[in-house]
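*Asks:* Chain by chain, the residues run as shown.
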Amino acid sequence: MAETKQFCTFLLNDFFFGVEVLKVQEVIRYQEMTRVPLAPCMVRGLINLRGQIITAIDLRLRLGLEPRKDNELPMNVVIRTDDGAVSLLVDEMGDVLEVSEESFEAPPETLQGQARELIRGVYKLKERLLLILDTERTVTLSTL
Amino acid sequence: MDEVTKEFLIESYENLDMLDRALVELEKDPTHRPSLDSIFRTIHTLKGTCGFLGFSRLERVSHVAENLLSRLREGKLALNVEITSALLATVDAVRRILAIVENTGAEGSEDYSELIERLTILATVDKPPQGPSAQPAVVVVVAPSATAPAVIAQLAPAPAAPVVAAPKVAEPAPEPLKATVPPLAPTPVAAATAVQATASSATKSAEPASGSDHDHHPAEKTETRARGMSDTTVRVDVGLLDKLMNLVGELVLARNQILQLANTYSDPLFVKMGQRLNLITSELQENVMKTRMQPIENVWNKLPRVVRDISTELGKRVKLEMFGKETELDRTIIEAIKDPLTHIIRNSVDHGVELPDDRLSSGKPDVGSLVLRAYHGGGQVNIEIIDDGAGINVKRVRDKAVMMGVLSQDQANRMTDREICNLVFHPGLSTAAKVTNVSGRGVGMDVVKTNIEKIGGSVDVSSEVGKGTMVKIKIPLTLAIIPALIVASGGERFAIPQVNLVELVRMEIGQGNRGVEMIYGVPVYRLRGNLLPLVYLNKELKLESDEEGKQRQPAQDDAINIVVVEADGRQFGLVVDAINDTEEIVVKPLGKQLKSLTFCAGATIMGDGRVALILDVMGLAQHARVISEEHDRSRRDEVPKRAVSSEEKQSLLLFDVGDQRQMVIPLSMVARLEEVAPSEVEWTGNQEVVQYRGQIMLLIRVANYLAASQSAEPLKSKNGQDTMQVVVYSDHGRSVGLVVGRIRDIVQQTLEVKRQVHQNGVIGSTVIQDRVTDLLDVAGIIQQADPSFYKDQS
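As given, the protein sequences belong to chains U and A, one line each in that order.
Going by my numbering, 536 is the number at position 41 of the first sequence; the sequence numbering is gapless.
Going by my numbering, 152 is the number at position 104 of the second sequence; the sequence numbering is gapless.
Just so you know, the hints here were simulated from the structure itself, not pulled from any lab data.
Every value quoted in this text rests on a predicted model; they were computed, and no experiment measured them.
Yeah, the Cβ is synthetic: ideal placement off N, Cα and C, and Gly gets one too.
One thing to keep in mind: the hints can contain errors.
What the hints assert, rightly or not - Listed next, the in silico SDA-like pairs over lysine to any residue satisfying Cα-Cα at most 25 Å (straight line):
1) A:K636 to A:M654
2) A:K643 to U:G559
3) A:K590 to U:R563
To be verified - What follows is a set of in silico ranges between Cβ atoms, one per label pair, in the way DEER data are often shown:
4) U:I523 to A:E331: 34 to 42 Å
5) A:E556 to U:Y525: 35 to 43 Å
6) A:E331 to U:E597: 54 to 62 Å
7) A:Q670 to U:P535: 16 to 24 Å
Pulled out of the complex, with its shape left as it was, chain A reads as follows:
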């Protein structure tokens, strides 16, 4: 049995237990709307799930039950004993089918047409509360034959009243029914009961109930073996897991203290016990963590099938693409987004993506595209579901909302299109012209919203008619574990989420380095020719008074640590006192007293048990006014100008190749500088290579491509033990290593070619630091050494 089915079983058993309770409660108080809604949703979910798992019997049973519930919800029917017992009988039937599924993997051959008819008849009976609108608008033909499509919904000429599913038993139904009945099932009884029930309207209750009891026999022996599935897994309250993890965190701290103590004691037994404790604690911590974190892949794995089944059923063609599968989510979040996500996907395929012919005629490829994307960003987990379908017809939603009394005409007119789009989350609102067994009843999206908001997330829909729809789910990081860089500033530690990090710059003062420059008192730093605004964390957060800062300044001046971070597409440098380590941190929320601090995304507990704040880079940028729209725009305009200006100073890498000549290349062409031990060099064909970050990187000895190199053999031959200086050049994900003699310096200067040569691996010559310096023709040399390097990319 596959995992999807297993989970379906576990979940359904739980739901059914809940259903029993809710139904009984509802019977006590038939007007209790929330429990009716919850029953309806449960059945709806059940039907949907078995729909895509291919349990057509189960789906049929739940579909008719849903129809009946739908009528109850609309107030077209009043709940009575008969309906309740029929619904309870449905719950029992569903249980039996699930038991068979659990034992055999298939849903068995039991026949439930009698129950289906009973439900259908109950739903057909009209108790019109207010006259004419109760005309059956939709005829649902129930065809119990296994090969026929489960449900065919036919739309009668649509009346103005809300579309109502009012199924009728189709006349030919009994025929195929007889044909498919297994020998054990009491067909004649079923048929007879059905006829009787049709004839005697709706006042009967006892006979149909006993009739359904006959069906029990085939399932009874499996019943005792059932629930085997629930034995292998235990569902644990997430709150308990939370507690467990907190306690393990404390245990880790206690362990750390004991280990420190153990170091001062010389008692070998104590040391040994300390080590044991250490091992056990680490393992415990690891496993408790594991119980909580899961990649989103676990949820996504099911989706291709969901999409496939729905699109096949609807005759649509959809290509599903998924990005960011590895995004780790907390267990709580995984649980909570599972159903909403499935709902959204089903909606996208059902209502979003059009039929192939329609797509072609509107100039789109016939295969619709559905893109799922997940990423950590802005301090949250973001999930986007994007389709390129028909989009939401804002006008229709508006009209429908007004018609259903959700909005007044006035309100509707005032609302923006975006707000209207988000009305799809309103309970009971559906613009679908017909009710299919996939979706369209107007439940679902409200459940989506409720579930996501329950975990403190938000969901937003944006859509363009004809272009497609994007549903964006944002879930807070609460309790998610993220990698973060720990920095220190003003005597405090802060964690900066790794997602916001761009690079770390350590600037030594002196060495001809201009360092931090000021524009009207605003500090900036030239990072590879671009101005990087600097924010001093200690000043920004007022961590120390001005005098304190001044006193410390001279001592700290020998080096400045800049953490280059990015927020909203804008980079800035955060100046901190010290950069510690990267750590996996557990994000914990702050109390409501501190909610107003935008620079802070939460807090975490460090290894020593103390608390550190997690910086919200976005909030910090806003606080420091690094981000403002004007600034952003002016900068963007500036960029191209800067690129063409030849006057611009840039960082240049000076090196030699073992002789007296000084060579230079722009630092921007350098991906990294590496030292390679000669022992790491391997050969492929007649070329030297090294293994570099999972790739095989070709080494090019620059000296061999320069005209004058024969006179000066590279350094390495003099001393075999010397490491080789390698300048790594990357392009389109491929790297080559340029072996040079010695890295001399990095200077900031305009690169002005004084003499064009363009031969022997040199483009030209210039003067740097009062020395004639050759500008290396990197592209030319690579071309010579590995002609395929550039070719493969095009």
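The shape of chain U in the complex, shown without the other chains:
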């Protein structure tokens, strides 16, 4: 029996992404956000999560995908990091999947751009590919 891992999955511009389930604090619906002027564009705003102020990062912009249409409300995937929680804005939530380590593979060399840095690897599922996000890198914006 090969080792398995659980991932919390979500859709982003038709790509199928996953983050380790243990990193996810909670998933919440769209929240009204407070804009942060002069911040990097992928910082969509601040949300109030039960008294805690959390930065919301738009994953589409973070990964260099085309921006979400105005009428589409994103979901918040709240990630635990060393410096407190951060929310990642995604299009749609998927299930929590248990995948076998055997199907893991590093991202192809031809993958370029921001995605190259942020995608840790790929799980080859039967019907599609699951891209695994490096959460620590994703929430670190200082390199930009």
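Using the hints provided, position chain A relative to the given structure of chain U.
*Replies:* Same frame as chain U, but now just chain A:
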């Protein structure tokens, strides 16, 4: 029992529990440096605290234990079972004394000379790892008699090697020992054990240990009653309090929503429940807030005594002054700065302030001054400890640092004096010539730094030899609650900390108001004759695109809200769309993704649950380039010039006193304009007064002092219900109210006196708005009405 002692007890019990663990751990791994250091610090703190609380027995016990630990730390001794059990016995002894203190308020009459001797002997035994440097340099005479000074440190001719406390039992010790022994304590055993131990060097362990057990009896019955103190207070993890407060915040929001809902329902039961919920929530919120916030006074209250005791002990005279007692600090911060602050104060008194004679001979008053100051500023809580003592001898610190291998000679030469000063925070570095029981061992300041940095603060020392030393502690506002003004700009809300606010100006366009003027596209506003650079918040923060801004502009043009703020001594005006309210806000930090935004000091959650950013005025000023050194200087030079220029236009207040004459005074002389209802006027003697901001303010009816006033009785007599227009004039904190007829206008104009009169309350006449206008002689009238007004100030 006073509060200081109570806290000391609670804290010491905690520390002792920790000590037990650390000692046992250390025994497992004698080379484990951090636990040795932590034990040493704990004992050091304990000794220090009981020193100023006057528990001399406890102090003696911990002092010898510290000596022993000091030797261990230096590697002069290796830890063995005997030392460990002696140290553990010390911990037990300290526990017993604390129990007695808790029950009786005094430290009792138990005798610990046997334990002291045991520790002393252990510390005396030399196991020189590398030869000659281990010569005992300092002889510490332990004199157990209650009246004698606790410890006398005698400095032997100082060798070049690091000064080492290597205590020896003084020969005459046994004599006073016998004299003070209470009947219950087994003196002969103690003395005998001591002698035995001296004779048989250091290999014994069992007998001294059992010897110390005898001492238990008097304390045993109190032991069971002990800990009563810890029952009345519960120490709560601050993290838990944080969580609690966040949850209460959420509860408040939920309550707000329910209350709104309740308004739409007509069910009386629901409304009633809503109100109940409202009351409970408010009270809960208030109390949870209270658990966290404390004025810094709570820490400072203990300091006068600390200073007094240390200075008395050292024969120094120190005057302690404290400013900003009411500065509120978060519980976390209070806890964290308590010990560092005490340490710094002790250091300042011990090393900073000189002996009275030395002070006199260097031309200073014999009483040293120690100033404590706390304030919110620059988005942080600032605490300054300033003494006017000898200052830090930079050269000596440099030499010592090189000698101890902290720095290479090369490094030391490259460092600035300021950097060298900050070396006092380096562990193990002390320039004190001798080790006293107050300080000088080179621990303490490193603890100070560690503790302050733990809460995200910083500490900085600046010093001038012969002039004094200033220690500046900066602690972030994180979680501190501050009053702030909420403003709106570009559809967003922002909080501006009250400390940065100077005033609010609402400028109506029109009314002969010049409004915003431009210098090469840079907007400025004339505020009482001074140019105030303006910063449009929405443009500065790029809150809206240019077109959006232009579209909105005409609609907004009827009035401009200017928030005058100050950063780094420089004022500028922040133009915002709307000024809301002042609120107490809880400062919350931003995530690391937004750390680079300098204009923003954090965020807060508003009443409706949404997030608002807190503006860092300093950062904003830098961002908008309001602050730059050149600019600053040129402006300062400019100021005096402007003051003498008579051409300068100024704001003038036009009014009358009930007749046709128009009067004027410069607006800069006006503190406020008030309306006073006749019913508020009271009498003292034959003078009319009103209560005004906690003062009794004299009212002067200007009309009575003007020559032509008889013909025109003031308006108020025609209609008793009319409110009186009062121009408040303040000088040196005292105010008088000038009762005038009607305020007519405020104009911007040069004040050019066309005709000098100087009589009947008028200095001269001028022409304003095509009317002859008399310039009121404010000083003269006040002089007549209340001759004491100016006299009292001089």
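*Asks:* Against this structure, judge whether each hint is valid.
*Replies:* So, going through the hints one by one against the coordinates:
1. A:K636 to A:M654: Measuring from Cα to Cα gives roughly 12 Å; hence the hint holds.
2. A:K643 to U:G559: Measuring from Cα to Cα gives roughly 22 Å; hence the hint holds.
3. A:K590 to U:R563: 22 Å, holds
4. U:I523 to A:E331: 34 to 42 Å: 30 Å, violated
5. A:E556 to U:Y525: 35 to 43 Å: 41 Å, holds
6. A:E331 to U:E597: 54 to 62 Å: 59 Å, holds
7. A:Q670 to U:P535: 16 to 24 Å: 20 Å, holds
Checked against the numbered hints given earlier, this structure breaks only hint 4.
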